[in-house]
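Chemist: Next come the chains, spelled out residue by residue.
Number of protein chains: 2
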Amino acid sequence: MTNKTKKNPSFEIHSIGFVHSDEQQGCYEIKLYPRFITGLEKLEAFSHVIIFWWADQHDNPGDRSILTIQLPYAEGIRAGVFACRSEYRPNPIAMTVMPILNIDKENGIVTLPWIDAFNGSPVLDLKPYIPSSDRVRDFRVAEWMKAWPEWMEDAGAFFAENEVNFGN
Amino acid sequence: MTNKTKKNPSFEIHSIGFVHSDEQQGCYEIKLYPRFITGLEKLEAFSHVIIFWWADQHDNPGDRSILTIQLPYAEGIRAGVFACRSEYRPNPIAMTVMPILNIDKENGIVTLPWIDAFNGSPVLDLKPYIPSSDRVRDFRVAEWMKAWPEWMEDAGAFFAENEVNFGN
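So the sequence lines, in the order shown, correspond to chains A and B. In terms of the numbering used here, the first sequence has 56 at position 56, counting the first letter as 1, and numbering is strictly consecutive. In terms of the numbering used here, the second sequence has 153 at position 153, counting the first letter as 1, and numbering is strictly consecutive.
Hints listed in this document are in silico derivations from the structure and should not be mistaken for laboratory results. One should not assume that every hint holds.
[Said to hold, decoys possible] Cβ pair distances, simulated, as ranges:
no., chain 1, residue 1, chain 2, residue 2, range
1, A, P113, B, G62, 34 to 42 Å
2, B, R137, A, N162, 15 to 23 Å
3, A, G167, B, A147, 40 to 48 Å
4, B, N102, A, E143, 15 to 23 Å
5, A, P113, B, E150, 19 to 27 Å
6, B, R137, A, C27, 23 to 31 Å
7, A, E143, B, D138, 26 to 34 Å
[Stated by the list, open to error] Residues from chain B that face chain A, not an exhaustive set, calculated with beta carbons under 8 Å:
no., residue
8, Y33
9, A45
10, H48
11, R89
Ideal Cβ positions, reconstructed from N, Cα and C, are used throughout, including at glycine.
Using the sequences provided together with the hints, build the complete structure.
Modeler: Listed below in structure tokens is the structure:
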């Protein structure tokens with residue numbers, strides 16, 4: 001079967017919770033719906049979590065058919081949505097890796113230092129960060145982000161000091 | 001609004017292509033449906049791609065309500081689905097980071113060295129691996145995977161040499 005004849009199936013996904021963020025208070029949390037809280041068991045064994053969230057503010061009619069983006073941080077560069085992390089994409093699932101500050105298993109709340117999601121964004125999944133799957137030693141990035149840090153830990157300070165327009 | 005009163009919304013996602021894998025031939029590819037091929041523009045600027053794929057073989061009735069798993073690789077440990085990478089989860093979206101071997105933009109084919117997906121698994125998204133978002137310097141993993149490699153590059157050899165049961 002080739003990719004020209006096969007149909008593209010669709011699936012239904014459900015949010016498991018939502019992002020609660022309050023920049024004023026410096027509060028960033030994932031709040032799970034009660035029925036999913038059991039799924040947090042043993043997440044405390046990991047330092048970092050990968051959050052899949054739904055970019056619902058980029059899910060208007062037509063948004064999902066956007067396939068290339070003029071990159072706000074790279075003048076004159078137009079990239080495909082699969083070559084950038086734009087929230088405009090056929091399936092607006094965003095992914096953020098963050099340290100875990102606290103897990104409240106009674107109330108289903110995972111506290112983070114920050115997250116680049118809107119307040120109220122639906123959360124679809126949480127996964128532990130596992131270096132043998134997720135941590136790449138030898139990498140190459142695009143020319144337009146050559147100056148960006150090599151480590152997630154250094155990103156906050158870098159982007160605070162350098163004006164990088166992410167278009168938000 | 002608390003997590004006890006808020007409803008959990010659902011969303012429709014569409015596959016953008018599928019995994020073509022043939023272990024005998026050593027062939028591992030992502031095949032995009034023609035209408036999405038434009039989205040690959042400039043992906044060649046990156047060494048690694050993050051593949052979101054739908055674990056359709058773990059999407060039978062009841063599978064999505066599984067919230068804890070007896071880990072096949074850690075005797076006596078039962079973990080929440082958000083603390084492991086099991087394909088049983090409320091939204092069976094799997095994530096794999098892989099080096100890009102080749103991109104055929106005419107036919108919409110991204111060639112990989114390997115992927116832990118079934119042949120035919122629907123693909124939902126491709127994202128470039130960006131170290132300032134995705135590469136964690138200082139991490140902590142669970143006791144039961146302390147011996148696992150610190151780098152994705154070392155995982156193949158390690159898991160080939162050591163018997164680790166992933167339950168597949």
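Chemist: Report holds or violated for the interface hint on A45 of chain B, using the least CB-CB distance to chain A and a cut-off of 8 Å.
Modeler: Given a least distance of 3 Å, the restraint on A45 of chain B holds.
Chemist: Regarding G167 of chain A and A147 of chain B, is the given constraint of 40 to 48 Å on their beta-carbon distance met?
Modeler: Given about 42 Å between the Cβ atoms, the range holds.
Chemist: Grab the minimum C-beta distance from H48 of chain B to chain A and call the hint holds if it beats 8 Å, violated otherwise.
Modeler: This interface hint holds because 5 Å falls under the 8 Å limit.
Chemist: Looking only at beta-carbon atoms, does the pair P113 of chain A, G62 of chain B fall within the given range of 34 to 42 Å?
Modeler: 36 Å Cβ-Cβ, so the 34 to 42 Å window holds.
Chemist: Would the stated hint for R89 of chain B survive a check requiring a Cβ distance to chain A of less than 8 Å?
Modeler: holds, 6 Å
Chemist: Within 26 to 34 Å: is that where the Cβ-Cβ distance between E143 of chain A and D138 of chain B falls?
Modeler: holds, 28 Å
Chemist: State, for the Cβ atoms of R137 of chain B and C27 of chain A, whether the hinted interval 23 to 31 Å holds or is violated.
Modeler: At roughly 25 Å between Cβ atoms, C27 of chain A and R137 of chain B fall inside 23 to 31 Å, so the hint holds.
Chemist: Verify the CB-CB distance for P113 of chain A and E150 of chain B against the hinted window 19 to 27 Å.
Modeler: Distance hint for P113 of chain A, E150 of chain B holds at roughly 23 Å.
Chemist: Does the nearest C-beta of chain A fall within a distance shorter than 8 Å of the C-beta of Y33 of chain B?
Modeler: Because about 5 Å separates Y33 of chain B from the closest Cβ in chain A, which is inside the 8 Å limit, the hint holds.
Chemist: For the pair N102 of chain B and E143 of chain A, does the Cβ-Cβ distance stay inside 15 to 23 Å?
Modeler: With Cβ atoms ~20 Å apart, the hint holds.
Chemist: Okay, R137 of chain B versus N162 of chain A on CB: inside 15 to 23 Å?
Modeler: 19 Å Cβ-Cβ, so the 15 to 23 Å window holds.
Checked against the numbered hints above, the structure breaks none of them.
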